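Enquirer: Quick mapping for you: the protein sequence lines, in order, are chains F and G.
Quick note, this note's numbering runs 100 ahead of the 1-based positions in the first sequence.
Quick note, this note's numbering runs 61 ahead of the 1-based positions in the second sequence.
Just so you know, the hints here were simulated from the structure itself, not pulled from any lab data.
Here the structure is a predicted model, which is why all the values come from computation and not from measurement.
Some hints here could point you the wrong way.
As the list claims (entries may be wrong) - Pairwise CB distance ranges (calculated):
1) F:212 - G:107: 22 to 28 Å
2) F:345 - G:244: 36 to 42 Å
3) G:295 - F:163: 53 to 59 Å
4) G:403 - F:348: 49 to 55 Å
Idealized CB from N, CA, C, for every residue including glycine.
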Amino acid sequence: MLETIFSNWILPTLRVSTPLIFAALGGMWCERSGVIQIGLEGIMLVGAFFAAVVTHSTQNPWWGLVAGMMAGLVLSLGYGLTVLKWRANQIVSGTAFNLFAMGIPPFLSMIWFDSTGSTPVIPGESLFRSAPLLLMGSVVVASAILYHHSKFGLRIRFAGEHPKALESSGVSVRGKRWQGIALSGILAGLGGATLSIYLASSFSRNMSSGRGFIALAAVILGRWMPLQTVTACLLFGFTELVQIRLQGVVLWGDRAVPVQWIQILPYLITILVLALAMGRTRAPKGLGGDE
Amino acid sequence: MKNSEKVRIPQSVRLFFRSLAGAAGGLALGLLICRVAGESPGKVLSVLVNSSFGSGYDFGMTLFYTAYFILAGLAVAIPFKSGLFNIGGEGQLTIGALAAAWAGVVGAGIQSHTLAILFATASAFVAGGLWGAIPGYLKARRGSHEVITTIMMNFIAAGVTSYFTLYSLKDPDSSQAETIPIPEAFQLKPFALFNGAPMGELIIALAVMTVVLHVIMRNSVWGYRLKATGENESAASTFGIPAPASWLSSMFVAGGIAGLTGLVEVLGNSHRFKIGFSADYGFVGIAVALVARGNILGILPSAFLFGVLQKGAGSLDLETDKVTRDLTYIIQGLIILGVASDGLWDWFAGFWRRRNA
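Assemble the whole structure, with the sequences as input and the hints as a guide.
Expert: Have a look at this one:
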């Protein structure tokens with residue numbers, strides 16, 4: 101009994117939540133440092149693409165993982181350049197990067213594979229079994245410890261909460277924000293990579309399909325705290341699982357369960373929580389502001 | 062300082078040229094990227110231009126997309142006056158399109174063309190407006206950040222519209238995910254000039270509407286209230302202009318205008334609601350408003366630029382070997398960055414000074 105619950109529900113929930121958890125923790129670090137990160141979606145997409153391409157050509161998923169992280173990092177540093185150095189509005193620039201990122205996979209896969217859709221399928225023996233789950237677990241633990249018990253975590257939080265106080269103690273706010281942005285790129289890239297080379301066996305067009313925004317919602321629901329954010333991701337992962345399981349199931353008459361209602365649940369929950377339970381959400385005070 | 066001796070260029074003119082230069086820079090960079098694919102940027106540019114201006118039909122399509130982007134751009138520019146960032150245009154226009162298709166189905170008995178158009182327009186405006194008013198209300202009453210709520214509302218709109226398309230309004234004769242076609246009384250008649258492109262009186266009506274909106278924003282009490290809230294929320298409320306009223310009304314109007322984007326699609330082009338009809342037009346609206354720097358009249362040329370891009374890119378699939386219509390996403394992103402990165406100019410100026418020092 102317990103075993104079937106574990107293998108039918110708990111393990112699959114952990115699996116589908118993995119990309120969300122990576123991306124959400126990245127988003128959390130970035131926003132904690134005081135920079136809004138709505139570009140998670142684009143970073144995940146590009147991460148998924150490069151991970152699939154590199155895994156396909158090296159037949160080694162670890163290289164794919166590294167490629168996904170690097171692609172995410174590069175994109176996030178571009179974002180950092182525009183918002184930290186060129187003073188672009190963070191929401192505007194994040195939106196631009198999301199659009200930009202949507203064009204990258206079809207553009208490159210047309211050159212490499214003569215197709216704007218999916219990348220070639222990676223054979224099963226070159227895919228991950230459970231390594232990403234372990235990696236996800238360690239990133240969660242590391243994030244929680246760094247957040248609550250390290251100088252690094254404290255400084256990142258101060259950069260977002262009281263940038264002036266941090267600056268006057270001789271620590272560069274901008275430096276911390278660069279680190280937060282870089283972390284969001286690496287982690288969301290990693291999250292994207294697990295989409296294509298862990299949950300699937302190739303990259304398919306627009307495969308992130310809103311997960312970057314769900315991750316962002318999880319950060320807000322989790323009040324920008326690591327374990328709460330992860331819990332929100334698990335909740336969203338679970339609704340995704342339920343939705344997959346209910347696809348095509350006939351409930352009453354000859355009507356299938358309308359999965360659309362389950363699809364919108366994460367977004368609905370986020371709005372409801374924003375509107376009702378929290379009233380005032382405790383976002384980092386300096387979020388989106390200047391140094 | 063030497064600068065003070067020079068003739069001062071007005072701020073608005075300077076911003077206009079900065080926008081233009083930023084957009085041109087983004088476009089140029091996007092074209093240069095085509096070299097990676099082994100295509101010459103000049104050829105890609107000529108495909109873009111030919112495909113948008115080449116024939117009456119092509120130009121009609123370009124104007125049709127321009128109409129889309131005028132509306133989507135206005136939906137971002139109006140709340141912007143009151144200090145809100147409406148990322149929800151995509152959801153609002155989807156809801157508006159569904160409402161227009163719904164109007165055609167329930168109003169199938171309406172014979173008068175004028176009445177039919179009015180009914181569909183009102184449906185799309187009110188539906189989109191209410192959809193936009195929800196984040197406006199949440200911001201006004203609960204302090205929920207509108208960027209987050211509008212993003213969430215986009216996804217909810219996608220789910221809700223596909224539910225109604227598949228379960229309530231589904232066309233039984235079609236294997237596609239689309240609603241029952243609207244009757245002829247609801248369909249917009251295109252000008253013969255454009256050889257069948259879905260472009261009629263509509264673009265003229267929209268241009269007029271934009272000018273009217275410009276006047277309203279400038280001269281009406283409502284426009285003044287929005288601006289007061291946008292510029293200094295607490296000062297405005299001290300003088301009896303409550304921010305919640307500005308936020309709610311600007312989001313309602315913006316949502317309604319975004320809803321009209323859906324109306325244009327359903328009445329003018331596909332004559333039904335199709336799931337996924339919008340190629341992220343709501344997000345392009347952000348770029349349109351940005352290039353116009355929030356100036357209502359500026360939306361017209363800005364929307365035209367993006368209309369050219371949208372129409373032109375459609376031909377890339379056929380006319381080039383390795384560059385596809387997806388290039389528009391890259392170019393749109395780069396144009397936004399080119400216009401939004403204000404600091405880039407200081408950086409260039411500094412570079413220039415150092416070089417000439």
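Enquirer: All hints, please: hold or fail.
Expert: Okay, the hints, checked on the actual structure:
{"no.": "1", "hint": "F:212 - G:107: 22 to 28 Å", "in the structure": "holds, 26 Å"}
{"no.": "2", "hint": "F:345 - G:244: 36 to 42 Å", "in the structure": "holds, 41 Å"}
{"no.": "3", "hint": "G:295 - F:163: 53 to 59 Å", "in the structure": "holds, 54 Å"}
{"no.": "4", "hint": "G:403 - F:348: 49 to 55 Å", "in the structure": "holds, 51 Å"}
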